[in-house]
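S.K.: Residue numbers (the numbering used here), protein chains in the order written: chain D, 8 to 324; chain X, -7 to 184.
I should point out that these hints are in silico values taken from the structure, not numbers from a laboratory. Hints may be right or wrong, so weigh each one.
Listed next, the in silico SDA-like pairs over lysine to any residue satisfying Cα-Cα at most 25 Å (straight line) [to be verified]: (1) X/Lys9 - D/Phe151; (2) D/Lys251 - X/Arg71; (3) D/Lys253 - X/Lys9; (4) D/Lys253 - X/Pro69; (5) X/Lys9 - D/Ala18; (6) D/Lys246 - D/Glu234; (7) D/Lys251 - X/Lys9; (8) D/Lys251 - X/Leu19; (9) D/Lys251 - X/Asn142; (10) D/Lys253 - X/Ala152.
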Amino acid sequence: MEWKDVIPVLAGGLVILVVALVVKPALLGEPIGSPGPVPTPVPPVYVPPPPSPTATPYPEDGPASIRTLRWTSIDGGVRTTEVRVPEALFLERRETPRIADRLAWGRYALADADRPVLEDLARRIAPPAANPEEQYFRLMDLVFFVQQIPYVPDNNTDSYIEGVLPRHARQVVGGVEYQKYPVEMLVDGKGDCEDAAILMGGLLDALGYDTVLLGYSDHMALGIRMEGFNPYYAKYTPKYFTYKGKHYYYVEGTAFTRKNLSTTSPVFQGSPFPIGNTQGSPIPSVKSETPQIIPLRSIPTPEDYQIHPVRLPAGGV
Amino acid sequence: MDLKIPSLPKVAIGWRKALTAVGVAALVVAVAFIGWTLFTVYTEERQVAAFGSHVAASEADLARVSGLVASHLGSRPDRLSVAGADASMREFAAIADHGRAVTAYHRGIIGADTVPEAYAGAQSAYIRALDHLNRAFSLWSSAATAYNANACTAAEENLARADQAWGEYALAVGDYDRELRAAEEGGEAPPV
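Pulled out of the complex, with its shape left as it was, chain X reads as follows (with noise of 0.2 Å):
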């Protein structure tokens, strides 16, 4: 059997447009590049930005809250009676179940965030400072309830480890520092 193969045509391609053909490839190649470097910075200046006016808004009620706390307890009276002492202790109760709830609402939020991974560490220490200062005004709340079933000794001890807890939170606001400024300026946090 005789098999007929058609002939395929010659390709000319001469010079000029195999150069311009492999121009038009790198520029392709070059544009998408830089395309995607802009939109990656572009990106994540965004999320740093999203972080930033997060942290922001927590600092902001933590403020609020810091307000609260320092006016209640610096105006607490040295001889109380004891309704005014319960009447305390009930605002105290109100003001750490606040704290709580603020905490958790701004950890909820900032754990949400999505950020560079230069970034990384910061949020992480960040939300470690919110977990124990939720962790404090749980005690205090804690504490409280104790006081109002007369369990002093309770109260006491609840406060002890809420006092324990706020050295954590300060301590992860130091980290949280260290690792903000070694995202900003490049390379890794320095040791404690």
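Only chain D is shown next, with the shape it has when bound in the complex (with noise of 0.2 Å):
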């Protein structure tokens, strides 16, 4: 074999390379030579949320409702306080739309604009104690206050100042829902038991108390975090239910049962349902179910969000 027969071999892989690399990326405008990294899109970066708008609070001059609130307090005396709600804030709430999803419930007893309203009346009602004692006295005070206010069912046109039917009463089977926001118990002076829970949820939460709604399947009442609640005086025992690791007592937000003093007199002796007692309840439900425990502040969290970091291939970055 000689140099000339390999020539024209070695001439013809020159061509080739030539036509591979330069001519054909030429023709169809690819990049001469080697080719250059892969354009890739840009990565995506975090943006945060906005801020929300804070809130305009309702004017203090404006016009408003003035209720006097009367109620009978632990020590058997007669108590009365005043409540002001802006009417705006009042209107407000009849025009918003109810909650259907009864976990959510919790938005109404925590509403902002109507916490100042609460705070106020919270205080009064149970003002700063110096002794655990006191403190207690206070609660209870708060309890029987709520406990006191009339009973009337959702469906019933007396519940409302307006006479009518708000018109986000929602038809369910078996009657209207309507579930009050505190103002507008307050203003109304009337609700039925998941109104009274409601009020009752959103004042303790305002004296600092960690309180959960407890939802029966015809019934809702409240649950105060308490640990080893055993009063000396109680005949019954403490029922209590247990959320992610903490006890809630049951407290029943209506059914003040009351009686004359006597056949002649009209002054009515209380009789308040106390902490706890479940067994003296009338309400069925109360004594044989196991209620959905609703926290005021129910806020999605995802119980696992560890992110495992892996070993890199070798020759990785």
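Using the hints, put the two chains back together into the complex; each one sits in its own frame.
M.R.: Following this line, the structure appears as structure tokens:
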């Protein structure tokens, strides 16, 4: 074999290389030579949400509904106080659609615009106490106050100061559903069990207590968080429900039973439902059912959110 | 008719020339084989390096998302107002959307990688992990949307499904580690 035989082979190879690396890319508009890095899309960037606008408070000197509230306190005396609800707030509440999902009803109790009214009322009913015993009596005063608000079911137009059903009252199987915001309950001066539980939850939350709503098939009550609650006077075993490792004792929001002191006296003697007493309840579901626990603050939180770092392949950056 | 068949010249190749030709041919085959082998090894190394750098970029972005999540969930106060809770959920939704975008982005890049056959299992497991994470973030986002519509029950259900997807992500990460070890050590991935 001579060199002159090899040269045409090499020349042919060279031509093929030139065609593959130069001519074809030039014709197809591809980059000549070794391909550069493949263009990649721009990686996503985190964009935080815009801050929410601050709500404008209701003017203090605007028109308001002023209600005088009267109740029998834990010492048997009659107490009165006044509550002032801006009319604009009340009307806005009446125009707010109701929440169908019971798990979100804590939003009624904690409604931001109702909060100043509740904080003011809660402090007047249960001002800060010097010792735990006094504090407990004041808590009970607040419970008794709510329990004494007359019970009127949602489908009764007497429950509303307008004398008609609000437009957001929902027709449900067996009647009408209309959960009241706390200020609605205070202005109407009436409500049903869920309205009372919502109002009581809002008032106790304003005082710093941790509460939940207790939802039964035909009733609603409140649970108040306490540890080792077992008062000396109780002739019952206080009933509590455990939620996320905490004990919430049953508190009735309605059904304040009362009777006349005598047949001739118009004065009533109160007989409230104490904390934890479910056996004395006239409502069968309270005695037999385990309620749905509805936290006032129901913020969905994932159980698992741990990213597991992985080992990189050899040669990775 | 008389046919005239031209006489062919007699080919006379000596043993020396024949051996030289065979030797050159063998050399060409050997060079081609070695060249092809070197080229294949080089290509595979480049593919693994590219896959590795893409996984590294994905991990870096996921670590940033993880930091955002941990910082957000760790700083939630116990007693939020309704407005505070709503603002917190808006931030949760923004992080979920970001997590979804990050996982989709890296899934696209790593899914387009060409890897040696030995690394196909690791690549597939990593893509699966990103898919599960993407689903978990999507469910977080759905939970936030449901929360905004006052549908807390639906929000909780979405989060429960997200927790399940997160568990599947953790399993896929385990698969990836096993497959990667098998690819680097040779042989098949050990059973779970």
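S.K.: Does each hint fit the structure? Answer for all of them.
M.R.: For each hint, the structure was consulted:
{"no.": "1", "hint": "X/Lys9 - D/Phe151", "result": "violated (119 Å)"}
{"no.": "2", "hint": "D/Lys251 - X/Arg71", "result": "holds (15 Å)"}
{"no.": "3", "hint": "D/Lys253 - X/Lys9", "result": "violated (98 Å)"}
{"no.": "4", "hint": "D/Lys253 - X/Pro69", "result": "holds (17 Å)"}
{"no.": "5", "hint": "X/Lys9 - D/Ala18", "result": "holds (23 Å)"}
{"no.": "6", "hint": "D/Lys246 - D/Glu234", "result": "holds (12 Å)"}
{"no.": "7", "hint": "D/Lys251 - X/Lys9", "result": "violated (93 Å)"}
{"no.": "8", "hint": "D/Lys251 - X/Leu19", "result": "violated (78 Å)"}
{"no.": "9", "hint": "D/Lys251 - X/Asn142", "result": "holds (22 Å)"}
{"no.": "10", "hint": "D/Lys253 - X/Ala152", "result": "holds (21 Å)"}
When held up to the earlier numbered hints, the structure conflicts with 1, 3, 7, 8 and fits the remainder.
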